[in-house]
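Visitor: Here is how the chains run, residue by residue.
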Amino acid sequence: MAGSVLIVDDEPNIVLSLRFLMEHAGCEVRVAHDGEEALRMLGERRADVVLLDVMIPKKDGYEVCQTIRSTQDWKDTYVIMLTAKGREVEREKGLAIGADEYVTKPFSTRDLSKRVQEIVAQINASKA
Amino acid sequence: MRDPLIVLPVSLAYLGLLFAIAYWADKRADAGRSVVISPWVYTLSIAVYCTSWTFYGSVGRAAVGGMDFLTIYLGPTLMIVAGWFVIVKIIRISKRHHITSIADLIASRFGKSHLLAGLVTVIAIIGITPYIALQLKAIADSYTVLTAAPAAIADPVAGGFVDEALAVALILAIFSILFGTRHIDTTEHHQGMVAAVAFESVIKLIAFLTAGIFITYGLYSGFGDLFAQGAADESVRALYATPAVSSGGLWVSLTVLSMLAIFCLPRQFQVIVVENMEIDHFRKAIWLFPLYLLLINLFVFPIAVAGLLQNGGSAAQADMFVLSLPLDAGQELLALFVFIGGLSAATGMVIVASIALATMICNDLVMPVLLRHGRLATGENRDITKLLLLIRRIGICLVLLLGYLYYQMIGEAIALVSIGLVSFAAVAQFAPAILFGIYWKRATRAGALGGLIGGFTVWGYTLLYPSLVAVEEDMQLHPFGLAALDPHALFNVTGMDPISHALFWTMLANVGLLVGISIFTRQGPLERSQATQFVEVGHESTEPARVGAFAGTTRASELEELAARFVGRGRAHQAFERHLRERGMARQNLRTAYADSEMLRFTERLLAGAVGTASARVVVASTVRGNAVTLDDMMAVVDEAHEVIGYSRQLEEKSRALEQATEELREANARLQELDRMKDEFLSTVTHELRTPLTSIRSFSEILHDNPELSTEERSQFLQIIIKESERLTRLINQVLDLARLDAGRLEFEIEPFRLADAIDHASSTLTQVLRERGVTLELDVPSSLPQAYGDRDRVIQVLMNLLSNAEKFVPSGEGWIGVRVRPHEQMLQISISDNGPGIGKEHQQAIFDRFSQADQPDSGNPTGSGLGLAISQRLVEHMGGSIWVESTLGEGTTFHFTLPIAESEALMGQAAK
Numbered sequence: 001m002a003g004s005v006l007i008v009d010d011e012p013n014i015v016l017s018l019r020f021l022m023e024h025a026g027c028e029v030r031v032a033h034d035g036e037e038a039l040r041m042l043g044e045r046r047a048d049v050v051l052l053d054v055m056i057p058k059k060d061g062y063e064v065c066q067t068i069r070s071t072q073d074w075k076d077t078y079v080i081m082l083t084a085k086g087r088e089v090e091r092e093k094g095l096a097i098g099a100d101e102y103v104t105k106p107f108s109t110r111d112l113s114k115r116v117q118e119i120v121a122q123i124n125a126s127k128a
Numbered sequence: 001m002r003d004p005l006i007v008l009p010v011s012l013a014y015l016g017l018l019f020a021i022a023y024w025a026d027k028r029a030d031a032g033r034s035v036v037i038s039p040w041v042y043t044l045s046i047a048v049y050c051t052s053w054t055f056y057g058s059v060g061r062a063a064v065g066g067m068d069f070l071t072i073y074l075g076p077t078l079m080i081v082a083g084w085f086v087i088v089k090i091i092r093i094s095k096r097h098h099i100t101s102i103a104d105l106i107a108s109r110f111g112k113s114h115l116l117a118g119l120v121t122v123i124a125i126i127g128i129t130p131y132i133a134l135q136l137k138a139i140a141d142s143y144t145v146l147t148a149a150p151a152a153i154a155d156p157v158a159g160g161f162v163d164e165a166l167a168v169a170l171i172l173a174i175f176s177i178l179f180g181t182r183h184i185d186t187t188e189h190h191q192g193m194v195a196a197v198a199f200e201s202v203i204k205l206i207a208f209l210t211a212g213i214f215i216t217y218g219l220y221s222g223f224g225d226l227f228a229q230g231a232a233d234e235s236v237r238a239l240y241a242t243p244a245v246s247s248g249g250l251w252v253s254l255t256v257l258s259m260l261a262i263f264c265l266p267r268q269f270q271v272i273v274v275e276n277m278e279i280d281h282f283r284k285a286i287w288l289f290p291l292y293l294l295l296i297n298l299f300v301f302p303i304a305v306a307g308l309l310q311n312g313g314s315a316a317q318a319d320m321f322v323l324s325l326p327l328d329a330g331q332e333l334l335a336l337f338v339f340i341g342g343l344s345a346a347t348g349m350v351i352v353a354s355i356a357l358a359t360m361i362c363n364d365l366v367m368p369v370l371l372r373h374g375r376l377a378t379g380e381n382r383d384i385t386k387l388l389l390l391i392r393r394i395g396i397c398l399v400l401l402l403g404y405l406y407y408q409m410i411g412e413a414i415a416l417v418s419i420g421l422v423s424f425a426a427v428a429q430f431a432p433a434i435l436f437g438i439y440w441k442r443a444t445r446a447g448a449l450g451g452l453i454g455g456f457t458v459w460g461y462t463l464l465y466p467s468l469v470a471v472e473e474d475m476q477l478h479p480f481g482l483a484a485l486d487p488h489a490l491f492n493v494t495g496m497d498p499i500s501h502a503l504f505w506t507m508l509a510n511v512g513l514l515v516g517i518s519i520f521t522r523q524g525p526l527e528r529s530q531a532t533q534f535v536e537v538g539h540e541s542t543e544p545a546r547v548g549a550f551a552g553t554t555r556a557s558e559l560e561e562l563a564a565r566f567v568g569r570g571r572a573h574q575a576f577e578r579h580l581r582e583r584g585m586a587r588q589n590l591r592t593a594y595a596d597s598e599m600l601r602f603t604e605r606l607l608a609g610a611v612g613t614a615s616a617r618v619v620v621a622s623t624v625r626g627n628a629v630t631l632d633d634m635m636a637v638v639d640e641a642h643e644v645i646g647y648s649r650q651l652e653e654k655s656r657a658l659e660q661a662t663e664e665l666r667e668a669n670a671r672l673q674e675l676d677r678m679k680d681e682f683l684s685t686v687t688h689e690l691r692t693p694l695t696s697i698r699s700f701s702e703i704l705h706d707n708p709e710l711s712t713e714e715r716s717q718f719l720q721i722i723i724k725e726s727e728r729l730t731r732l733i734n735q736v737l738d739l740a741r742l743d744a745g746r747l748e749f750e751i752e753p754f755r756l757a758d759a760i761d762h763a764s765s766t767l768t769q770v771l772r773e774r775g776v777t778l779e780l781d782v783p784s785s786l787p788q789a790y791g792d793r794d795r796v797i798q799v800l801m802n803l804l805s806n807a808e809k810f811v812p813s814g815e816g817w818i819g820v821r822v823r824p825h826e827q828m829l830q831i832s833i834s835d836n837g838p839g840i841g842k843e844h845q846q847a848i849f850d851r852f853s854q855a856d857q858p859d860s861g862n863p864t865g866s867g868l869g870l871a872i873s874q875r876l877v878e879h880m881g882g883s884i885w886v887e888s889t890l891g892e893g894t895t896f897h898f899t900l901p902i903a904e905s906e907a908l909m910g911q912a913a914k
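Heads up: the protein sequence lines correspond to chains A and B, in order.
Here the first sequence is numbered in our numbering, starting from 1 and rising by one per residue.
Here the second sequence is numbered in our numbering, starting from 1 and rising by one per residue.
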């Protein structure tokens, strides 16, 4: 079963590359360009993995992450914070708020693809 | 042995040995293992009192005046044995007040007066000059006697030693400089000098005793034989006589003079007071020093008697008996040793005296002048110790040169002792100021000045002037032929020897003026406090007990009355009520009960709040002693209180200034912290902005690398993205560098007149492609008749591109519109760039010019851009003399305006300025 991935980022070129990578990894991909849109799309249908940028318009990545963690339906959603904010404090903040992983841009495409595939496989295994 | 080729090297070698001892002692002192901290060394250093006057002169005096030479040693013995408490008090005061010389002591007591210090220094220099001349004369004479052929002894002057005396002076100057001015010691301790002087005291004592023993037991068979032979000789027998009644006055005068000299001579003050390490050393010296004096005088009279006997009763060369007797007996080695002993006595005095005087010249004469004229204020970093040492070295040379000149003037006629007594009488002038100063609080600065000037003037007239003028003939000295002005019989006071006569008149003038003027003048506040501290030194701890001793004479009610005058009746009443209640005493007893010491202290504390502690004590003490507080005392107290209030006002101002400075520092610190935070933020943001394009570049590069099966179309699209993002990265790096250069003021501008229309064309044509792709309309409104702008064309293009591409990013795709309009306005060209984008809220309009402002507002909807463009544009425009601002309403588009100077107006203004 293909995992579903929600990409939340406002940089068109990064979105383009992530979409390419996730589709190649066999996932079903949706894209949100800001925080509110992300929550709305999750509300329509949950996702297995959220690739979440911090610096996005309207609601930032931390808020989105907090909302995901405080919503009962989404508590299994795996949140990977994917951001250019590389300071240690920001990383700690992300993990403290409830992100499962914190990946700093620029990232390795191969590692990210592999990681998402592993997560999807795990989710499938636990459902089975 | 008598060859100058032997005597000179031996003498120089001896001086070298002294220097080696001094050097060693200094090194030991530096290493913290002092060799001079000992009562023995201290006593021996005090024995610098015994100069060549003692060594040669005493015998000369004894050969003429019998036993009266002893007075010079009787005085110090009396002073030290019976008057020890005076000297201990002086040492105590000097230690407490860090006194470095006798001038310093007197000046400090009378309100730290520079004038007084200078005067004392001048008197000391003039007064000591004859004494130094005496030493030069003794060395010169003894050298002549030792080296000349026996025939020439009768007339030492024939030896032509006069120029060699100059050589002696110069050599001694060099040695004094080496001993005393190697470095500056804040305590003015010269441990090396003390060690060398103590050593010299040992040598001169041994040399003199050896000579005495040889003469008494070698030439004669003991004291009995010698005195018996003397008694048989008519000219000698006269010396045995007890002093006549007429010379009794001289005995007293000489004893008094030498009593004063022991602490008034600058060199004695130096070794006894300044160089004193511990007061206990002086207690040992109280019996050790008289013992030394006794030993060195033991053989004076026998040698004098022997000399007279050997020279057929002639006392002409009596000063040199101690040297000539061994010579005549063929004991040349002993004579050489005696010569070295005499040299020790002379050099010790010259070295200590010249160093003490040089210290005074430097500290009390030259430095105050330099300080007053601000010569030292400039160049604070300059090493002042070098200057101090130079002044002292010059001072030493000056002192010795003066001694030599005096020696030249007096020639050979005057005996050693007479010269020395002139100096004694001069320094004795310091005694009234010191003694009254440390025992009488009311002695004033004006009194001390008057006493010193009066005494010194009389000394100059009655002693110095005759010694200079009446050398050869006993000429008439009375100016204007007035017998009343005879320097040896002022106002026809006759029947006294010159020394007693001078002592009488100088002391009459000195003490009379000191006491008289002090009674009629008032002390300044500093003078008063110094006076109290000097007179009461060492009494501080016993203060309450002393007040207590007076208790029992004052009624408690009197104290309340006193307090009421200072703090008000009501407050005094309340305070005394409380005091009585606390001690369980009844109010009705107040009238009759005597105040005890506790009540006195309570009153003092009560008054201290109103007039300060020092004044409170004065007031209470004067009441207790039964002296009502006089108007004068009250005025003095008020004066002091005023001064204290003045100080506290200054203090208040200072603390206010300090508070302000602290506040400013705190603000500066806060600003710095804010700047630091901003720098941190800036770095973090720059990193973020750099990572974003880098992410796309890396991602697509890896995708292209890992997916060779991609279609040509996709491949081309991804490569296109990589190129664009690389360009964005380059632009960003350039902007960061531009901003850094702008902030550091290192960006270079080429400011000159240029056509603004051209710059706008250039910028818009560069963006044509992008605008067309997004379907944005660009509308230019640039009049053809515009005057030339004044600025850097390339930087203006940079600003235009920034604003245009900003607008391009915000306008809606397909129906975007951007307008550029230029109008001259008040000597400036105003460029306005409008768009139909979403607009900027009022609250953000100021912040958008900050660096990375867009990055701080994620909800502004800004899609791309570094956030540095506007910050850079603002700096560029302002640097060219213009300004930049924004007008916008949410939902109704945005207009950026910026201005540039008009080239002509710039030229016109330039002309107008000419």
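Do not take every clue at face value.
Claimed, not checked - In silico DSSO-like links for lysine-lysine, alpha-carbon gap of 30 angstroms or less:
#, chain 1, residue 1, chain 2, residue 2
1, B, Lys27, A, Lys58
2, B, Lys654, A, Lys59
3, B, Lys724, A, Lys114
4, B, Lys842, A, Lys58
The set of hints was computed from the structure by calculation and includes no laboratory data.
Visitor: Determine for every hint whether it applies to the structure shown.
Guide: Results of checking the hints against the structure:
1. Lys27/B x Lys58/A: With Cα atoms ~82 angstroms apart, Lys27/B and Lys58/A exceed 30 angstroms; violated.
2. Lys654/B x Lys59/A: Since the Cα atoms of Lys654/B and Lys59/A sit roughly 55 angstroms apart, the hinted pair is violated (cutoff 30 angstroms).
3. Lys724/B x Lys114/A: Distance of about 28 angstroms is within 30 angstroms: holds.
4. Lys842/B x Lys58/A: Measuring from Cα to Cα gives roughly 18 angstroms; hence the hint holds.
When held up to the earlier numbered hints, the structure conflicts with 1, 2 and fits the remainder.
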